[in-house]
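J.: Below are the chains, spelled out letter by letter.
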Amino acid sequence: MAITDKTIDYVAALAKLDLTAEEKARAREDLGNIIDYVDKMNELDVTGVEPMSHVLGCSNVFREDEVTSVPDPEGILANAPETKDGGFKVPRTVV
Amino acid sequence: MSYEYETVIGLEVHCELSTRTKIFCGCSTEFGGAPNTHVCPVCAGMPGTLPVLNRKVVEYALAACLALNCDITQHCKFDRKNYFYPDLPKAYQISQLYLPIGRNGHVDIECEGYEKSIGIHEIHMEEDAGKLIHDKWEDCTVIDYNRCGVPLIEIVSEPDMSSADEVIAYLEKLRRTLQYLGVSDCRMQEGSIRADINLSVRRRGEEKLGTRTEMKNMNSFKAITRAIQAETDRQIEVLEDGKRVTQETRRWDDSKCASYAMRSKEDAQDYRYFPDPDLPPVFISDDWIARVKALEPEFREDKCRRYVSEYGISEQDALVLTDSVRMADIFEETAKICKDPKEAANWLMVEAMRIVKARETDPSQMNFSPRHLAELIALVDAGTINRAAAREIFEKIFDEDIEPESYAQEHGMKIESDSAGLEKVIGEVITANPKSVEDYRAGKKKAVGFLVGQTMKAMNGRADPGTVNKMIVKMLDEER
Amino acid sequence: MDITSLSALELGSRIKAGDITSMDAVRAQFEKIKEREDRYSCYITLTQEQALRRAEQVQRRIEAGELRNQPLAGVPMALKDNICTRGVLTSCASKILEGFKPPYDAAVTERLEAAGAVMLGKLNMDEFAMGSTTETSCYGPVKNPWDTGRVPGGSSGGAAAAAAAEETWYAIGSDTGGSIRQPSSFCGVTGMKPTYGAVSRYGLIAYASSLDQIGPIARNVSDCAAVMEIIAGWDKRDSTSVRLDDYKFTDALVDDVKGLRIGIPRSYLGEGLDPEVKEAVIGAAKALEAKGAAVEYFDMGMVDYAIPAYYVIASAEASSNLSRFDGVKYGYRTPDFEDLQEMYKKTRDDGFGMEVKRRMLIGAFVLSSGYYDAYYIKALQVKALIKKGFDEAFEKYDIIIGPTAPTTAPRLGENLSDPLKMYLGDIYTVSVNLAGLPGISVPCGTDSSGLPIGVQMIGQTFSEKTLLRAAYAFEKTMPGMRPPQLDGAAVKGGEQA
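For the record, the sequence lines run as chains A, B and C. Going by our numbering, the first sequence wraps up at 117, each residue one higher than the last. Going by our numbering, the second sequence wraps up at 512, each residue one higher than the last. Going by our numbering, the third sequence wraps up at 683, each residue one higher than the last.
Think of the hints as simulated: they come from the structure by calculation, not from any bench. Mixed in with the good hints there might be a few duds.
What the hints assert, rightly or not - What the simulated footprint calls covered on chain A by chain B, stretch by stretch (three residues with Cβ under 8 Å from a Cβ of chain B suffice, anywhere in the stretch; the number is not a length):
#: 1; region: 79 to 91
#: 2; region: 101 to 111
Claimed, not checked - Beta-carbon label-pair distances, calculated as ranges:
#: 3; chain 1: B; residue 1: Gly65; chain 2: C; residue 2: Pro521; range: 29 to 37 Å
#: 4; chain 1: A; residue 1: Asn82; chain 2: C; residue 2: Lys574; range: 18 to 26 Å
#: 5; chain 1: C; residue 1: Thr663; chain 2: A; residue 2: Thr26; range: 51 to 59 Å
Nothing here was measured: the structure is a model prediction, and the numbers come from that model. Virtual Cβ for every residue (Gly too), placed ideally from N, Cα, C.
Required output: the full structure, derived from the provided sequences and hints.
T.: Here it is, written out as structure tokens:
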């Protein structure tokens with residue numbers, strides 16, 4: 023299927039990527055080829071087949087409602103590019 | 033030419049479930065705390081971490097769905113809602129889109145003179161996001177993930193409401209039901225219940241729905257009422273001007289009593305929901321449903337009826353007492369111990385509510401022992417303390433849950449049981465205030481009041497005004 | 187013989203016997219690493235000080251009589267750099283995780299430590315495990331120890347190369363579409379991907395959550411079995427983790443395949459398969475047949491659909507899993523931004539390599555509204571059919587045998603310009619991940635250029651022991667394999683210095 027510039031802009035926005043013009047052109051071609059190939063799946067008749075998310079068929083995996091975490095704000099913030107007042111610092115978000 | 037318009041309102045209500053820990057990790061859900069102290073690598077979205085579902089969250093959500101008359105989706109699962117925002121550390125929120133735990137419910141509300149059923153489209157479980165603190169001094173925002181991962185249920189109503197009154201009635205019913213279940217505190221000021229309002233208007237008689245807007249940031253029932261009015265007016269004005277209402281999200285600013293269109297988030301609102309591969313599906317058996325249903329408490333309507341028949345209090349009073357399940361529980365416990373339901377009711381409806389309002393809190397936060405209130409009532413009944421003293425002591429019970437008997441003793445509030453001593457003091461007061469005596473004798477019965485006051489003063493409050501009044505009158509009449 | 191040429195179990199028993207200390211082993215290994223790293227670039231991080239300290243600790247415990255039933259106690263190993271190690275850089279070979287030192291250990295890291303393992307360092311890989319050649323690493327490619335002009339395979343290229351080049355006694359890799367098995371086959375070592383859920387994913391930086399598994403890469407089957415005993419186990423922190431009935435994998439190391447029913451899908455041996463690889467794989471089946479196994483060719487459909495299904499599902503999950511890398515909480519943040527949106531976009535565009543970006547775009551596309559049903563849901567349906575196909579096959583056969591890869595190791599740079607061509611090389615391995623099955627790649631010969639060939643054995647879920655038994659019996663028919671130039675000076679293209 024034809025992947026247009028508009029499509030690339032759309033998915034790049036969803037993926038929060040600031041692609042250069044060169045990257046966009048390449049992505050357009052690559053995605054076009056890959057999606058064409060992936061369209062191969064349309065050869066199959068999948069009527070009535072339940073989409074399988076989990077292979078092992080497990081369900082109801084729970085934990086009990088008990089506090090098991092130990093506060094470690096230093097550990098949590100240790101890798102942050104910027105912090106302030108015990109929190110992660112980012113440019114002002116638009117409200 | 034102006035038309036008659038009707039308003040169509042639907043609500044999306046988020047309630048924090050009052051489990052001890054978060055939905056997908058073992059962090060505490062305690063409110064407050066220094067930033068990022070109730071946070072672990074899982075809820076901070078660190079790489080390599082995985083969610084594990086808190087069973088209690090499912091139980092509480094299930095209880096809510098049953099109490100709100102929903103069909104239970106016995107095979108339900110979690111989906112990822114993908115978008116970028118700094119309060120969302122994984123850049124996706126684990127929610128339920130395709131198979132929410134409850135659907136097709138309803139809530140019956142009562143408004144001025146009529147009843148109405150408000151449909152609930154669906155209820156689903158999801159995780160809360162963190163908090164953004166917009167710095168006052170620097171042009172930046174600081175993120176605290178303490179709230180991230182706190183379990184929520186989102187209750188999506190049908191667009192069945194048509195006025196602010198109905199919306200408030202609906203919210204109060206939801207709040208009360210969830211509080212009665214004990215699954216959520218539902219305190220708007222703490223943010224454990226939040227409502228977003230979807231509102232559109234249309235000409236009376238039209239079937240097609242108008243374009244709706246979504247409103248956020250109403251932090252009290254009053255703000256909700258104001259916002260509904262303002263938005264209805266605004267939309268009508270737009271239409272009367274011949275323009276179209278824009279579908280958008282608006283932020284309510286209560287201080288300005290106006291709403292503003294929120295700049296649409298830059299990313300396309302394509303959340304790319306897909307089933308979360310890290311979480312196996314949830315199967316809710318018939319057995320589980322039955323067990324949770326069996327734990328349902330007596331709800332407000334039944335409790336009200338029972339209070340009227342069992343305790344002989346008026347329906348009006350029963351409604352007040354049962355508005356908060358905490359108040360109702362305290363009432364019943366107190367009544368059981370002191371065997372004076374009317375007194376118990378009075379203390380709660382009058383004094384307790386006065387203090388609740390003064391402290392700007394709500395009845396669900398009352399935290400004193402019914403036993404202490406019962407003891408207080410007994411002390412008053414026995415004439416050991418007078419009402420003024422009782423009110424003072426009650427405030428202490430409310431705030432600090434003190435023991436009334438020992439408090440009264442320590443603070444010298446017990447009424448002097450020595451009537452001879454009292455007579456002597458009254459005698460002195462009468463002697464010291466000839467004018468009042470004259471006034472009384474001249475027919476001004478009210479002059480007794482002044483003498484009562486003086487006596488109370490001389491007695492340091494340790495007397496019963498009613499008794500004093502009677503004694504003064506007796507002595508004055510006798511002296512003739 | 188150099189102790190670095192010993193197998194892991196051999197070293198383990200020599201340490202227990204008191205012949206060698208763990209510290210001796212660490213020192214000997216680092217000597218070889220220093221000699222060889224310039225040639226192969228297997229490692230991203232080396233932790234020599236830490237390794238020696240730890241070796242001392244473990245040695246003391248062994249001498250005190252502890253760790254008696256831990257056959258690999260004191261044996262140094264290395265972990266792929268997408269496995270979290272507390273306080274040690276865990277980069278996924280990506281700029282966007284530069285400087286990231288996790289405040290926690292992965293479950294496997296904890297288990298290995300408890301068993302007395304000693305970590306040498308973190309191994310190079312394709313960025314975020316996306317790739318089949320280890321050429322997408324931001325730290326530069328890994329070279330195949332059999333021919334440094336060729337790739338080691340990927341994404342666990344550093345792990346396989348290090349095991350082959352005797353730069354570690356064993357390695358821990360991860361496998362989402364073949365990332366343990368394929369590089370093992372290109373490097374002439376043994377690599378195993380367990381049943382989905384057998385090994386905890388807690389602390390494995392996720393690529394495709396429904397497909398990822400951690401597994402061992404070593405120089406023989408026995409070592410793999412011994413490592414599996416350490417790392418497999420239920421973990422309450424991973425909701426997809428399962429309990430096995432039986433973790434005694436080393437009990438399976440028995441040279442007996444009498445009556446073992448082996449199936450070879452005809453569709454595995456068709457067009458696109460290198461004739462020398464085909465010959466070697468058929469030879470492996472024959473060797474097992476000579477030992478009493480029953481080998482049969484059969485028709486298994488769906489082979490052509492595994493790759494499209496895999497790439498849709500893996501890209502979709504990856505696009506979501508990698509969204510958390512946004513410059514806010516850890517890793518790289520662009521220095522050049524005016525507002526939040528710019529920060530996000532520049533950080534991510536700058537921090538991720540092209541292959542990763544490509545897959546995130548595909549992933550966003552197949553999940554986007556309008557395409558979700560046609561691509562993502564359809565891929566999940568194809569996945570169900572693939573599983574069904576295997577279930578039917580395993581009613582007749584105990585294991586399925588085939589090539590691990592259609593070729594031997596390609597040259598560096600050969601596949602980079604054509605992603606689709608690269609994806610097609612995964613044809614034999616991806617369906618195993620889609621169905622959640624265990625698979626192992628064992629060396630079965632070399633081609634005329636002297637490059638290793640691997641045979642893949644696939645079992646039904648939880649049949650690791652059957653696989654290990656078959657692999658062990660087969661291995662017994664093969665001479666040992668060792669890259670010829672290991673002890674020589676730096677060479678190119680297979681020539682001796």
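J.: Next, verify each hint and record whether it holds.
T.: Structure-based check of all given hints:
no.: 1; hint: 79 to 91; verdict: holds (count 12)
no.: 2; hint: 101 to 111; verdict: holds (count 6)
no.: 3; hint: B:Gly65 - C:Pro521: 29 to 37 Å; verdict: holds (33 Å)
no.: 4; hint: A:Asn82 - C:Lys574: 18 to 26 Å; verdict: holds (24 Å)
no.: 5; hint: C:Thr663 - A:Thr26: 51 to 59 Å; verdict: holds (56 Å)
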